[in-house]
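Engineer: Spelled out from the first residue to the last, the chains are:
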Amino acid sequence: MKGAGPAVCLGNDIDTDLIIAGRYLRTKDRSVWAEHVFEDLDPALAARLPGSVIVAGRNMGCGSSREQAVIALREAGVVGVVAESFARIFFRNAINVGLPVIEATVPCTDGARIAFDLEEGWVEVDGKRYPARPLSERMLAILRAGGLAACWRACR
Amino acid sequence: MSTLSERILGAPAGAYVDRDVDIAFAHDGTGVLTLEALREMGVERLPRPGRLRLIFDHIVPANTGTTATLQAELRAFARVSGIPLSDAGCGICHQVMSEGLVRPGMIVVGADSHTCTAGAFGAFATGVGATDMAAIWASGGTWFRVPETIAINLSGNLSGAAEPKDVALTYVARLGMEGATYRALEFAGEGVRGISMDGRLTLCNMAVETGAKAGIFYADDLTLSYLADYGVKASPQVPEECRYERTLDIDLDDIVPLVAVPHRVDTVREAEEIAGTRLDQVFVGTCTNGRYEDLERFARIVRGKKVAVRTLVFPASRAVLSRAIKTGILADIVDAGCVVGPPGCGPCLGAHAGVLGEGEVCLSTANRNFKNRMGVGGEIYLSSVATAAVSALAGEIAVPEVA
Numbered sequence: 315m316k317g318a319g320p321a322v323c324l325g326n327d328i329d330t331d332l333i334i335a336g337r338y339l340r341t342k343d344r345s346v347w348a349e350h351v352f353e354d355l356d357p358a359l360a361a362r363l364p365g366s367v368i369v370a371g372r373n374m375g376c377g378s379s380r381e382q383a384v385i386a387l388r389e390a391g392v393v394g395v396v397a398e399s400f401a402r403i404f405f406r407n408a409i410n411v412g413l414p415v416i417e418a419t420v421p422c423t424d425g426a427r428i429a430f431d432l433e434e435g436w437v438e439v440d441g442k443r444y445p446a447r448p449l450s451e452r453m454l455a456i457l458r459a460g461g462l463a464a465c466w467r468a469c470r
Numbered sequence: 007m008s009t010l011s012e013r014i015l016g017a018p019a020g021a022y023v024d025r026d027v028d029i030a031f032a033h034d035g036t037g038v039l040t041l042e043a044l045r046e047m048g049v050e051r052l053p054r055p056g057r058l059r060l061i062f063d064h065i066v067p068a069n070t071g072t073t074a075t076l077q078a079e080l081r082a083f084a085r086v087s088g089i090p091l092s093d094a095g096c097g098i099c100h101q102v103m104s105e106g107l108v109r110p111g112m113i114v115v116g117a118d119s120h121t122c123t124a125g126a127f128g129a130f131a132t133g134v135g136a137t138d139m140a141a142i143w144a145s146g147g148t149w150f151r152v153p154e155t156i157a158i159n160l161s162g163n164l165s166g167a168a169e170p171k172d173v174a175l176t177y178v179a180r181l182g183m184e185g186a187t188y189r190a191l192e193f194a195g196e197g198v199r200g201i202s203m204d205g206r207l208t209l210c211n212m213a214v215e216t217g218a219k220a221g222i223f224y225a226d227d228l229t230l231s232y233l234a235d236y237g238v239k240a241s242p243q244v245p246e247e248c249r250y251e252r253t254l255d256i257d258l259d260d261i262v263p264l265v266a267v268p269h270r271v272d273t274v275r276e277a278e279e280i281a282g283t284r285l286d287q288v289f290v291g292t293c294t295n296g297r298y299e300d301l302e303r304f305a306r307i308v309r310g311k312k313v314a315v316r317t318l319v320f321p322a323s324r325a326v327l328s329r330a331i332k333t334g335i336l337a338d339i340v341d342a343g344c345v346v347g348p349p350g351c352g353p354c355l356g357a358h359a360g361v362l363g364e365g366e367v368c369l370s371t372a373n374r375n376f377k378n379r380m381g382v383g384g385e386i387y388l389s390s391v392a393t394a395a396v397s398a399l400a401g402e403i404a405v406p407e408v409a
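For the record, the sequence lines run as chains A and B. Note that this note's numbering has the first sequence beginning at 315, numbered continuously upward. Note that this note's numbering has the second sequence beginning at 7, numbered continuously upward.
So that you can see chain B by itself, here it is in the shape it has in the complex (with noise of 0.2 Å):
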């Protein structure tokens, strides 16, 4: 009797093991060290190439003339080394592996935190390093230390003005920071047939902010029935009776919007405590909550309107912003007044666009916080869509009332 994680990578809590991977995956920040550990390595042929991917999302479209050639090199190995590259523009990794690549029981290493994302789908999915990832891409595998599990026991179902970013910020107000450090999360109880795939993948985003290596939810029809709309067939995941290291219930009906503030992920406080926090800029987009489910909801709260404050709105791919576009909710957001940019990670992490200036407040629908992230000074609050709407609208935090 096993946990996902453990049946997964087919041994019990707490062994090491050597294991293939089905996709490894790095993007323009960790390929580049990835490049120059292969090298490091004398490695110059890589096996299974198509099992490993390139994904350019961090700093897209190139920034600066380094970038631009760190980006150039990249692009050249990708095509002698026969590696499939997603290039500008196709979107954040994790959203690109959520468009029918990854499947249920699949073991998914990203050099990137938030390679946990993909857990939604049923695979065991965790980040890694640069260097880790040059070794992943050499031999085809790597070691793993199978975690133990914290049980997240879902049950109700969402309703108002709440969704499930907050349920995120919930579990890791009650982890804390490093409450799952090593562990894996297991997303369970009946409250997880009422949460979409889009919800599913956000709380699955959120997991490496408690520590954890993985969050992981099992493959039901709703699963499947996503993975259909992209050809992909899949079988279910049924949960068996396991041990879980503890059990953290969360009550859907109780959820109400809530805001992380700085400079922790894990100080959460209730949207209404803070309401009127005067803001500089709102920012919606991510690997958290760029996905087409997060534009729509954003789209509705804003369609007619006018946003009162700068507003970045990043779609996490190009297959959201294409739906987005065909679907009209694109052009409500730019008539709202928002300033669209091109899939990709954008501002999440203060390289690239929408940086903030020294005092500036932003409120952000990514997973960090940190101090200076977004820019030298500035200081973010991470909500859900709804909240980052209403908020725009109003020019200073604000409480969403419907969702």
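Here chain A stands alone, though its shape is the one from the complex (with noise of 0.2 Å):
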């Protein structure tokens, strides 16, 4: 799985009340998230996502196990998540749901071109190739078939 998109740097321990707050979780409505994700952190970032790659430090998604996080990011536009670390249900979701997510220390600077990809395991800044930890074949099995519920219907 590739992907491909200017960067969006963030810094570390980004927590999920930061990517979306506890007050914009109580609809099914998923334009709400989208419209909302980082307002917390820095209003301006939601208009910079679409077809962005996040470039994050360590420690990516911490805090609540709410799943709207990483649905805001996809429903923004954000075509995957480079970090550091990641916090282990934020991974998790992440595979969920369908948004690639993947763990490599890259320099970032906004703007600058990344690329990766899942099944070969790297991550390129404009053009400079960096190792990445490969998913597992599980994983990739989710994020190939769009996330877990349409892996439920096609993997089995």
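Since the hints were made in silico from the structure, they are not lab data. Given the structure is predicted, the values throughout are model-derived calculations rather than measurements. Cβ coordinates follow ideal geometry from the N, Cα and C atoms, glycine included. No incorrect hints appear here.
Residues on chain A that point at chain B, a partial pick, calculated with CB under 10 Å:
#1 E353
#2 Q382
#3 N407
#4 S450
Take each chain as given, in its own frame, and dock them per the hints.
Structural biologist: Here's what the structure looks like:
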């Protein structure tokens, strides 16, 4: 699985409350989460997300188990998340909703051209390649299917 | 020779295993997405609904028409699918689980990050997302990576005004917010014996604040006698020699009242250092510190006095509330000028009651102080119940002197 897009750089310990605040959770309307994504971190961030690859530091997605956080990123048009490390529930949620996530330590400048390949396990920043931790076959199968629910129908 | 997590999951650390789960629950917040995912999966019938549970706790009673409609949908689903429902007023999912539902050796998953709380009973308990929960409801099990384990070796005894919450803040500060990511924290050492079940629940509750997958105690005589009060028979779990990834030694004799300062739970100061910090609100409750022992401790400190700042007390469950009424401590709390809320998560996540205004400062007994969590522009400090109680009386952060 490959993906590419301009980088949106974030720091360490981006918690799920910062990705989507609790006050926006009580709805089934997914566009609400996309609209308010990262509002408490930087209200201007959402506009830069369509087609982008988020590059975060350590412990990306720590905190709540709220799956709305990964749905919000996907709905906002994020094509993948590269981070030095992920909080475990966020990581598993991302796979389950079909949002590519990959662990790698890469330099980040906003707008840099990021490309990644989940199967081969690498991330490129402006053409320079860095190693990334490969995903398990099971995780790849879920991502290829477009998420766990789709995989449930297709993979069984 | 295995850690307790390895023993329960039946494989060595690092292995991937598929396991049936003994209990799988969601709440009103995550249940809605679980239901959506089940529909997307095309699942109509759930095997063994008796092992599943829906617990309304995050926004109870409903605060808006939208919330009410979502809860009604879940209620109808519970009725049709045969899933037991703990409706508004029953209490916080983790407290409901701790009232006789979780037993030693069980595998417990909850669509809530603080599911690790149930590790206090010697169960392997961990949080998952809503889509994972849907697949678990549909199949009865899921895959786990067996975690490496960090031992939290407790020695000595808590004394003075220090509480298990101060121990939790100690290990969170020492490990850091990602220091135990993907690991289990196993609480071991002779100091464990002096920690009550309510205290063990508090210690396991905050494991996820270090990134851990689980926090776990071995079931001992205290566990068995606690469970016996709920009519549950269980056997003790005897620790074996095993390999820990690392060991963190904590001498309980050294623990003093602590406070996590905004906006990180691993940024912890001695209460003494920040005494005098102005407060607008004190909040006692949550899955960390809303149990009977907590309310009793709070009542003992505020009894016969008046709080100097708006103070919210939310019992963690109906059983806790009922006991607090019967023993009279609830009257002490009300007479001291506190607002008593319905059993549930209440103000912790800023979606319901007790939301903070711009610039307001709250001292809370919860487990998270992320930026804006309780309201945009608010600041959250985290402490034990005793520190919250003396601070409520003072109207500013104060240091408890007597436990």
